[in-house]
Amino acid sequence: MNARSSTAHSVVEPSLTSRRVASVLVIVYAFVTLIPLFWIFATGFKTPPDSISYPPKVIFEPSLEGYCNLFTTRTRQTSEYIAQLGPPEGICDEVTRRREMVIAGTSNYAPRFINSVIIAFGSTFLSVFLGVMAAYGFSRFKVPLKDDLLFFILSTRMMPPIAVAIPIYLMYRELGLSDTKLGMILLYTAVNVSLAVWLLKGFIDEIPREYEEAAMIDGYTRLQAFRKVVLPQATTGIAATAIFCLIFAWNEYAFAVLLTSGDAQTAPPFIPTIIGEGGMDWPAVGAGTTLFLIPIFIFTILLRKHLLRGITFGAVRK
Amino acid sequence: MSKLNEIADRAAGATPPSLAGAVRGLSDKSIAWIFIAPTIILLLAINIFPLIWTIYLSLTNYRANRPNAELKFVGTEHYEKILTNPDIWAAMQSTAHFVVWTIVLQTVIGFTLAWLVDRKFRGHGFWTTVILLPMMLSPAVVGNFWKFLYQPQIGLFNYIISFFTGAEPSSFEMLGSVQLAPWAIVIVDTWMWTPYVMLICLAGLRSIPDYIYEAAEVDRASNWRQFWSITIPMCLPFIMLAVLFRGIENFKMFDMVNLLTGGGPGSTTEVASITLKREAFEKWRTGFSSAFAIILFVTVFGLANIYVKALNKVKSR
Chain A
1 MNARSSTAHS VVEPSLTSRR VASVLVIVYA FVTLIPLFWI FATGFKTPPD SISYPPKVIF
61 EPSLEGYCNL FTTRTRQTSE YIAQLGPPEG ICDEVTRRRE MVIAGTSNYA PRFINSVIIA
121 FGSTFLSVFL GVMAAYGFSR FKVPLKDDLL FFILSTRMMP PIAVAIPIYL MYRELGLSDT
181 KLGMILLYTA VNVSLAVWLL KGFIDEIPRE YEEAAMIDGY TRLQAFRKVV LPQATTGIAA
241 TAIFCLIFAW NEYAFAVLLT SGDAQTAPPF IPTIIGEGGM DWPAVGAGTT LFLIPIFIFT
301 ILLRKHLLRG ITFGAVRK
Chain B
1001 MSKLNEIADR AAGATPPSLA GAVRGLSDKS IAWIFIAPTI ILLLAINIFP LIWTIYLSLT
1061 NYRANRPNAE LKFVGTEHYE KILTNPDIWA AMQSTAHFVV WTIVLQTVIG FTLAWLVDRK
1121 FRGHGFWTTV ILLPMMLSPA VVGNFWKFLY QPQIGLFNYI ISFFTGAEPS SFEMLGSVQL
1181 APWAIVIVDT WMWTPYVMLI CLAGLRSIPD YIYEAAEVDR ASNWRQFWSI TIPMCLPFIM
1241 LAVLFRGIEN FKMFDMVNLL TGGGPGSTTE VASITLKREA FEKWRTGFSS AFAIILFVTV
1301 FGLANIYVKA LNKVKSR
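Line by line, the protein sequences give chains A and B. FYI, our numbering numbers position 269 of the first sequence as 269, with every residue one higher than the one before it. FYI, our numbering numbers position 303 of the second sequence as 1303, with every residue one higher than the one before it.
Any given hint could be a false lead.
What the hints assert, rightly or not - Taking lysine to aspartate or glutamate pairs in the EDC-like style, the calculated list, with each CA pair at most 16 angstroms apart, reads: (1) B:Lys1309 with A:Asp148; (2) A:Lys228 with A:Asp218; (3) B:Lys1313 with A:Asp147; (4) B:Lys1120 with B:Asp1210; (5) A:Lys142 with B:Asp1028; (6) B:Lys1120 with A:Glu13; (7) B:Lys1283 with B:Asp1087; (8) A:Lys228 with A:Glu210; (9) A:Lys228 with A:Glu213; (10) B:Lys1309 with A:Asp147; (11) A:Lys146 with A:Asp205; (12) A:Lys142 with A:Asp205; (13) A:Lys181 with A:Asp263.
Everything labelled a hint here was simulated from the structure, so no lab data went into it. Bear in mind that the values here come from a model prediction, so they are computed numbers and not experimental data.
Turn these sequences into a full structure, and let the hints steer you where they fit.
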């Protein structure tokens, strides 16, 4: 170590100056890249006038109006009508009345968000379940045309969603699956299962075959060995794969906007439709976006060690 | 597998008959098919069957909004129309502008970032995770909030640009102007996906063993020389992988562009997927759009073929 740091220009151990310069540049980039995210987060806590003020307000008085507007629908009333109402119930009632409006009901954001949760988890469960079985099959057995089948599986993910959506739209219309959660779950499963197979095959390939062979000599059947030896060994891989599937299903927009309109609509096609009086209600959009992105932040941090693997279909591991 | 069978057989031979069946259980061949079949069936039902249907529709005059109209077989008429249609070629040009510029910018910035992160300064792991955030987000939601940043009078983007250049913030519209809109979508995509290229390049940089640099050092190769004769060539397969994947993804880009510009103004940012959506779900020319879908699919399929070859090349490293 000492000998190495004495050769200051060694590329193997970058010099102190080059490390300092690199850290400054990377941190500057990180801050610049975070500005849009910070801005949308901050907008969620602005009042509508603050959100569209010029010059843009960096320092402002935080308000919950965006979050209130996100979850409610409101109607305009005369000030006399509002004056004769009882005391406001809760903070949202108060901020709404300040704008000479009253809360008329709940908005569609919560149901759309719940749809996102149901569809994401449903399709993730199914794709991981199918994926782990197929991955084990491909990893351990001689399957005829294995490489072709694996390529076929991957190529289904590469299809342009709009191209697939045309026949799916017609097919779902015939089968009565249009705008149903089941239809969306099946569709997202079909898209995600390719990723699941490729990722899980990589993880299962890494588990030594000797474990199962030993278990089978001890009297386990192949299925028992799969359940009691392979699956526990693959837990990390299964978890990482599941999170990747969740993120995809959570973020998906093209199929959702073309194939759903009400009952099964997820949050991504809904958020851009949040409008207030005279245009987009940006604080409500900011609030809705923030709530929608929080799970992704958590997942990204959980996944950080496996990110590379996930985005390259398991090809690059380190 | 034959080795496995051998072990199973040997174990079966050494155990009492009642146990022997349990050792063999279901034959490996049947287990393999039971495990793989559900996935294949699902993909056949939701991907391949619709694809074949699309091919069929592309040869007819079917319109999804008039399911009861008489169905006429038109042969390859749609394909001929598409290949000679100037609007389609304009869409292909917009797509090419988008794909080429995003790849160039993302590769240059992404590789530079990876090279900087590879200096292994203190806290580089944390900052890498921070930089990676944008690529995990929903492209639709990203498109929607960049629309806010791009607002001509009130948007933060215009404000920052005018702060540094002194131009009036209301003097230019990123999304409303024919000159700027194609660049607006390139900027957002670059913001979002540069981390992806960075992450793969970082893996490439880290796959280069130290002893190669040590040997170069012994031979007194300059840093510049080391960079061009070791770093770049050895990273190249990884860079190619990133470029191909971004190429495929951006070739079929829909969500982000649909929310940012919806193809506008006019059709300046109408990339292929947006044209397809307009033809299929607004003009309801199902037959025509099916033919276009098949053409796009064949292109992507060809690129995917190359991509898988690149994947395997990286894998063998």
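Regarding the pair A:Lys228 and A:Glu210, is the alpha-carbon distance no greater than 16 angstroms?
With a Cα-Cα distance of about 14 angstroms, the restraint between A:Lys228 and A:Glu210 holds, given a limit of 16 angstroms.
A:Lys142 and B:Asp1028: Cα distance at most 16 angstroms?
At roughly 9 angstroms apart (the allowed maximum being 16 angstroms), B:Asp1028 and A:Lys142 satisfy the hint.
Are the Cα atoms of A:Lys146 and A:Asp205 separated by 16 angstroms or less?
Status holds; Cα separation ~14 angstroms.
For the pair we were handed, B:Lys1309 and A:Asp147, check the Cα-Cα distance against 16 angstroms.
Given pair B:Lys1309, A:Asp147 holds - Cα atoms ~11 angstroms apart, limit 16 angstroms.
Next pair to validate is B:Lys1120 with A:Glu13; report whether the Cα-Cα distance is within 16 angstroms.
holds (9 angstroms)
So if I understand the rule, the pair passes when the alpha-carbon distance is 16 angstroms or less; does B:Lys1283 with B:Asp1087 pass?
holds (14 angstroms)
Is it true that the CA of A:Lys228 sits at most 16 angstroms from the CA of A:Glu213?
Answer holds: A:Lys228 to A:Glu213 is near 12 angstroms, not above 16 angstroms.
Is the Cα-Cα distance between B:Lys1313 and A:Asp147 16 angstroms or less?
holds (14 angstroms)
Pair hint A:Lys142 and A:Asp205, alpha-carbon separation not exceeding 16 angstroms:
holds (14 angstroms)
B:Lys1309 paired with A:Asp148 [C-alpha distance capped at 16 angstroms]:
Roughly 12 angstroms between the alpha carbons, so the hint for B:Lys1309 and A:Asp148 holds.
Checking one constraint from the list: CA of A:Lys228 to CA of A:Asp218, max 16 angstroms. Satisfied?
holds (13 angstroms)
Assess, step by step, whether the Cα of B:Lys1120 is no farther than 16 angstroms from the Cα of B:Asp1210, and give holds or violated.
Within the cut-off at roughly 14 angstroms; holds.
In this structure, every one of the numbered hints holds.
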